[in-house]
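Undergrad: Given the structure of chain A, go ahead and fit chain B onto it with the hints provided.
Okay, here's what each chain looks like letter by letter:
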Amino acid sequence: MNQTPLELFTEDLQGHSTASLDPQRLAEVKSRGARRRRTRTALTAAVAAIVVGGSGAWLTSGLDGGSSSGRDTVALDVATRPTGLSDLQKRVLRDVPGAERISVWQVALPEPPGAKDPMETASDGFEVQGETFATGVTSYTGVTMYDRAAFPGWLYDAVLAIEEDAGSAEGQPVGSTDMGLAVVNGTLELACVSFQGADCVPAVVRNEDGQRHYEWGFGTEDFLDAGTGMEVFAGNAGAEDAPSLAVAGVPNDSVTRVEFVNTAGEIVEGMVDHTMAPGSSIMWASVPGALARVIAYDSGGAVVDDHSLRTCTGGVDCEVR
Amino acid sequence: MAGRDQEFDEFALAAWPRLHRSAYLLTGDHHLSEDLAQTALERTYAKWRTVRRDDALAYCRRVLVNLNVDRIRRRRFFEVGGGALAHADLGVADVGPDDRDLIVRLLAELTERERRVVVLRHYYDLSEATVAQELGIAPGTVKSTLARALTKLRVRVDAPVEEEIYP
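Just so you know, the protein sequences line up as chains A and B, in that order.
Final position of the first sequence in the numbering used here is 1286; the numbers increase by one with none missing.
Final position of the second sequence in the numbering used here is 181; the numbers increase by one with none missing.
Next comes chain A alone, as it looks inside the complex:
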């Protein structure tokens, strides 16, 4: 039977793949996937400020980027939040030095001195070029990201029990930040980050005691390309959440002032930089609650871009990085 060139081409595309997923790689996929979810949840439960889109990645990888179509999509996939503090959180506030309530349902506790996240790798092969910009946003992770000995036994075991119980019901591990217990593991910064000697790109890094860890980069394919509009990267913080980081970028360096507006109408004056991506404006702020809109102005007060976010409809639609 004769085949058309297109059929033959398609057949060649299909190839004769004998690739199979070996058990070791599958285990690694699940381990890293579970860790990613915990980290992501921790980040989006943040206290002081930032992302969405994961993409990411990268982080959005704690963050998801706006989609290239319509350019106004941000993942506002906010899970149901607790409405108050649990008995465990109250005990943490009472018995863990340095613990503090950061929202109606979230409690932050300091990383124990000397505690290390055993799965964390340093630097990840990146290099920060130029200035780093503090965002004022705290970075958080989960209790069980650490060894048991890092925390009081009652705390670690209680968190673990809840995670396992929730995991049984929900199908996967749940980080302690889901239950409103967030361990401070540094602060978030913006910087131009270079990989493998390439020119740098804007990204979020975490500064933990002077050591920087790459968190996530920004952008859909045409992010900051000439002629494109603003893209926004923000965490899936809910209205009752502690402040989180929001970052936006436009391929236009005329922006001198930016306003981040949350769903309650509260306006936060953001920061603007033109050095991380020359010719463009990178903007950021620590936004309380859920981000709704970003408005960029030039030096004359004219609006350069007015970007409203809308809720995405599902996991696939939301996932950009």
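Warning: the hint list may mix true and false statements.
Facing chain B, according to a computed beta carbon distance under 8 Å, are these residues of chain A, among others [what the hints assert, rightly or not]:
1) 975
2) 980
3) 984
4) 985
5) 998
6) 1177
7) 1222
8) 1224
9) 1227
I should point out that these hints are in silico values taken from the structure, not numbers from a laboratory.
Since the model is a prediction, treat every value here as computed from it, not as a measurement.
We put the CB at the ideal spot given by N, CA and C, even for glycine.
TA: Relative to chain A, chain B alone:
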């Protein structure tokens, strides 16, 4: 939990060959394609609760494609920074020609966008409308991109066959 974990295991095992192959078609690099496929699965597992009821392969595929965009984006920034914006093909990793299958060498002649459209349309067998939706571009753009790509590949969609197919 075990049941849902098992669901993911079954999905991952079944999806791996396709993810790996499509990543290879997009990157032209075996090692890179393994990394991309693995990372896409990791991210899918991380959101398994959300995506498993829907189309997990679509989700995972989209993550994979976007991961590759990110990879290319980093290179693009590098090349733009170096004043070499004219580079047209930034997507396929630098490997020796002997290391690649013929099909991958052919795909390397396409721009990254063309390659992405071709893989989604003709490897994953998605409709043009679905490709458009998945990439966030107009259906007409998919059609014209495909036409341009197939022309470059010398794949004639209307020819009856036997002779030269594509080089």
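Undergrad: Does each hint fit the structure? Answer for all of them.
TA: The hints, checked one at a time:
Of the supplied interface hints, the one on residue 975 (chain A) holds, with its beta-carbon coming within about 5 Å of a beta-carbon of chain B, less than 8 Å. A distance limit of 8 Å between C-beta atoms decides the matter here; for residue 980 (chain A) the minimum to chain B is near 6 Å, and the interface restraint holds. For residue 984 (chain A), the shortest C-beta to C-beta distance to chain B is roughly 4 Å, which falls under 8 Å, so the interface hint holds. Below 8 Å, beta-carbon pairs count as interface contacts, and residue 985 (chain A) has one with chain B at about 7 Å; its hint therefore holds.
About 3 Å separates the beta-carbon of residue 998 (chain A) from the nearest beta-carbon of chain B, less than 8 Å, and the hint is met. The closest approach between the C-beta of residue 1177 (chain A) and any C-beta of chain B is roughly 18 Å, which is over the 8 Å cut-off, so the hint fails. At a threshold of 8 Å, the smallest CB-CB gap from residue 1222 (chain A) to chain B is about 26 Å, leaving the interface hint violated. Taking 8 Å as the C-beta cut-off, the interface hint given for residue 1224 (chain A) is violated, the closest approach to chain B being about 27 Å.
Because the closest C-beta pair between residue 1227 (chain A) and chain B is about 24 Å apart, greater than 8 Å, the hint is violated.
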